[in-house]
Amino acid sequence: MTTAINEASSTSDAAARGVVFVAADAPVREFRLANGLKVLLVANRVAPVVTVCVLYRVGSRNEAVGHTGATHLLEHMMFKGTPSFNKNRNTQIAATLQKIGADFNATTWYDRTNYFETVPSDQLELALRLEADRMRNSLIADEDRRSEMTVVRNELERGQNEPAMVLDEAVYAVAFREHPYHHPTIGWRADVENVPTARLKAFYDTFYHPNNATLVVVGDFDEGGCLSLVENHFGAHAATPDPIPEVYTDEPAQEGERRLVVRRAGELALVQIAWHTPSVLGATSVLSNAELAERAANPPDENDIYALVVLAAAMSHGVTSRLYQALVETELAVAVQANCDQFRDPGLFNAYATVRPGVEPREVERAILSEFARAGGEGLGDEETRKATRQIVARTFYDRDGTSNVAAQISEAEAVADWRFYQTYAARVAAVSAGDVRRVARKYFTEDNRTVGYFIPKADDGGGAGANDA
Amino acid sequence: MTTRDEAGRDAARLIESAHEGKSSDAVGANTPASVGRSSFASRVAREGLGTGAVLLALENRATPTVSLRGSLRAGSYFEPREKPGLARLTAEMLVRGTRRRTKLELAGDLERAGAELEFSTDPFAVNVAARCLGEDLPALVSTLAEALREPAFPADELEKLKQQQLAAIRERQSSTRHRAYERLTQLTYEPASPFYTHAAERLVESINAATVADLRDFYERRYGGRSLVAAVVGDLKTEDVGRQFRESFSGFAGPDSVEIEVADPERREGTRREVVTVRGKANVDVLLGSAAPLRRDAADYYAAALANSALGESTLSSRLGLQVRDREGLTYGIASRFRAPTLAAGPWYIAVSVNPLNVERAISSSLAVLRDYVENGVGEEELADEKSAAIGAFKVSLSTNAGLAEALWNAEFYRLGADYVDRYPRLIESVTREEVNAAVRKYFRPDHLTVVIAGDYEPRTAGAQPVA
Chain A
1 MTTAINEASS TSDAAARGVV FVAADAPVRE FRLANGLKVL LVANRVAPVV TVCVLYRVGS
61 RNEAVGHTGA THLLEHMMFK GTPSFNKNRN TQIAATLQKI GADFNATTWY DRTNYFETVP
121 SDQLELALRL EADRMRNSLI ADEDRRSEMT VVRNELERGQ NEPAMVLDEA VYAVAFREHP
181 YHHPTIGWRA DVENVPTARL KAFYDTFYHP NNATLVVVGD FDEGGCLSLV ENHFGAHAAT
241 PDPIPEVYTD EPAQEGERRL VVRRAGELAL VQIAWHTPSV LGATSVLSNA ELAERAANPP
301 DENDIYALVV LAAAMSHGVT SRLYQALVET ELAVAVQANC DQFRDPGLFN AYATVRPGVE
361 PREVERAILS EFARAGGEGL GDEETRKATR QIVARTFYDR DGTSNVAAQI SEAEAVADWR
421 FYQTYAARVA AVSAGDVRRV ARKYFTEDNR TVGYFIPKAD DGGGAGANDA
Chain B
471 MTTRDEAGRD AARLIESAHE GKSSDAVGAN TPASVGRSSF ASRVAREGLG TGAVLLALEN
531 RATPTVSLRG SLRAGSYFEP REKPGLARLT AEMLVRGTRR RTKLELAGDL ERAGAELEFS
591 TDPFAVNVAA RCLGEDLPAL VSTLAEALRE PAFPADELEK LKQQQLAAIR ERQSSTRHRA
651 YERLTQLTYE PASPFYTHAA ERLVESINAA TVADLRDFYE RRYGGRSLVA AVVGDLKTED
711 VGRQFRESFS GFAGPDSVEI EVADPERREG TRREVVTVRG KANVDVLLGS AAPLRRDAAD
771 YYAAALANSA LGESTLSSRL GLQVRDREGL TYGIASRFRA PTLAAGPWYI AVSVNPLNVE
831 RAISSSLAVL RDYVENGVGE EELADEKSAA IGAFKVSLST NAGLAEALWN AEFYRLGADY
891 VDRYPRLIES VTREEVNAAV RKYFRPDHLT VVIAGDYEPR TAGAQPVA
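Heads up: the protein sequence lines correspond to chains A and B, in order. In terms of the numbering used here, the first sequence has 187 at position 187, counting the first letter as 1, and numbering is strictly consecutive. One rule links them: number in the numbering used here = place in the second sequence (from 1) + 470.
Rather than coming from a laboratory, the hints here were simulated on the basis of the structure. All C-beta atoms in this analysis are idealised placements derived from N, C-alpha and C, irrespective of residue type, glycine included.
Per label pair, the in silico range of CB-to-CB distance:
(1) A:22 <-> B:730: 54 to 60 Å
(2) B:749 <-> A:90: 41 to 47 Å
(3) B:734 <-> A:357: 37 to 43 Å
Stretches of chain A that chain B covers, calculated by requiring three or more beta carbons in the stretch to come under 8 Å of a beta carbon on chain B:
(4) 38-52
(5) 97-108
(6) 113-127
(7) 262-275
(8) 310-319
(9) 391-397
In isolation and in its complexed conformation, chain A is listed as follows (with noise of 0.2 Å):
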């Protein structure tokens, strides 16, 4: 990595406008504006395309009870307008990139927001300008609001329609009592139905700002035009004068297996276990923005969640993982699938099965159990970790394929530690050994540290579904 000015020689004109180059990685290149704006640049001319992300520090972590899903509410309010764009003047965020062809959306999730669009490369100024001006000016009126608000309620109920979804929610909001991933990024129904306008204006307010996002341009674009665009459009808004609030809620160390159920309409079981685990930067509590700055630039070589990728890798990934092999190879399960959270606070490890009809899930509880001790006992073997690991870098690249993939993969980076975890991801990946492995599953997964939960179909719902003419 070179930090030499001389790096930005093709940016001196919007370097003398206040655009300072601050580091670079082939291929990614760092720069930022007065108003504390980072931008991170990659230049990849395959198709005359170009991907444009704008990554804001807020998500549902940010939030308290009587607001849960604001923050995921207020991202659906950004398509609602501005003075310059908007219904009344034909010029409707949406339908302006509609109409250029763009790939668009927006989503939210427990430590970031993020607002993206690929466009033809001639449409990149179209696109800037448009995020520059929805970061600052956006409506938020009332009267959207309300009718804002049904459409996320359906999206809230389309979600209650999946009973994975609705055990995973119960999962996280007991095994997290404290910390804020407690609650589902949606938010609570009676939440989401009676936030008032004035809560989500000033959770914008607090937020969205310069100093609190990243802009992530991926594509066919010149370096120096780029800048300048963005420096034209982005470097009217000031730096917030107030520094941006901190989440400081820590989830205390669990004490003691808990264990829930839900019973609700659906046709298979289902069991999910989860184990709380580090951050992705491998811390074990809440940081702030400096300290998780500071821990990004300088990351620790002692990170156990890459040895936990590779144990979920090990335990899920296809035909011959473990939990595949003790579930569904011998008929308990016909369905498996094991992930560790990569957040910017501790997370959890999950475990889940969609139980075979006819067994009980206290039966495939047991075999998921009984393969954790295994990984913490006998361990993985060496060509088992090296298979694993493979998995992941291959998926890695294949996550990586045009500009919006790489867009996403950074702006994910950016929302938990920075764009060099990005970086070096595959390379710590590749460097666990089975020992490393070993040590993890040893540590995480103890009976006091996990949440069990349960789907059970309920009987008379659900499976009795019939037509009828109305």
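Dock chain B against the given chain A, drawing on the hints supplied.
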């Protein structure tokens, strides 16, 4: 894919080469999708493999990966009428053991390389989707050939697959979206149609009864290179891929016929509606649809596509989206689509998800939008926007290996010509407003729709509700 000895190769080398590959300079010589610099068709290597099979290969060194998209005509259309589900069982058994390797050996070799190979079926095709790191492509191609040419259909594996499929069928019964579509096709098509969705009980019965002999028989009669299309894009040399495919697929002959003859159904007149009750669900899925006589090779295909996109392609910005979602807030998702304008004509429908209390309003509002559209047609500026959207979206879709492979496969499968990707913008531009409005009137008939409501929904006065 690798041998066991190779599995431990130095990952750092791979990671380093990936970073090199992603710099813009490294791909400067190979810009496959840069429409306008030179023709797209000139960069694609198209090769007949002698048995009727066709290979399309394109270099794109942006990442160290390769995407493969392929198909052959052995979908559910070809299965015996009395054995629904047989085509899918057969396709999904291909990777569950061959004459050379057990399922576990085959999966182990793929997984050690981080490679992925999947087979699925639709009404006409067995579809292949695969990806691997560039250096593993030779092994992936030979595995694909082994699965297609030498499946063993072991009985114990068939039994496990059947149990998994039966559980999946049962799980789908609580999906409001699936139940709505299932019923719409049952009300729209005859059971012999490839677009008819068999009831769960019928499928369960057929899958339970399927034997290894049934699968072998179907395989012998329907599999062969004759209709094989494979598009491979990514970190590869086209001449190497050609050689690998020639070696792996030479002599993969048959079947005698891959022709498809499907009569489009007579269109129902009048409106019909039905409620499929699925208890305990917070969300209701509603479909308003009909059979639509649109095939992929229809003269008005592009006019129909544009007619539909203005109506309901985007939940956020189409006519339906702007009214039912944006103005009225009735739904998170509303869209209209031609489900399968393929080798035969499938259904067209509007799909909307909705709270049980808003079902009637959402149906009325959707129909009002549709009626207004049919009555007044598409606007001049609106059509210009839709054209620009279609052309822009097409360009965007060509920015990944997977998107490029899909575009190449699509052009070959539907015999659109090697220069289809280059011609697409002109095809869209040349559609007139009159042609679009003719398509609107032909395909969208608000007074002749079947409405299916699936969820925990009680009609207020059963049998007496207007639909508009």
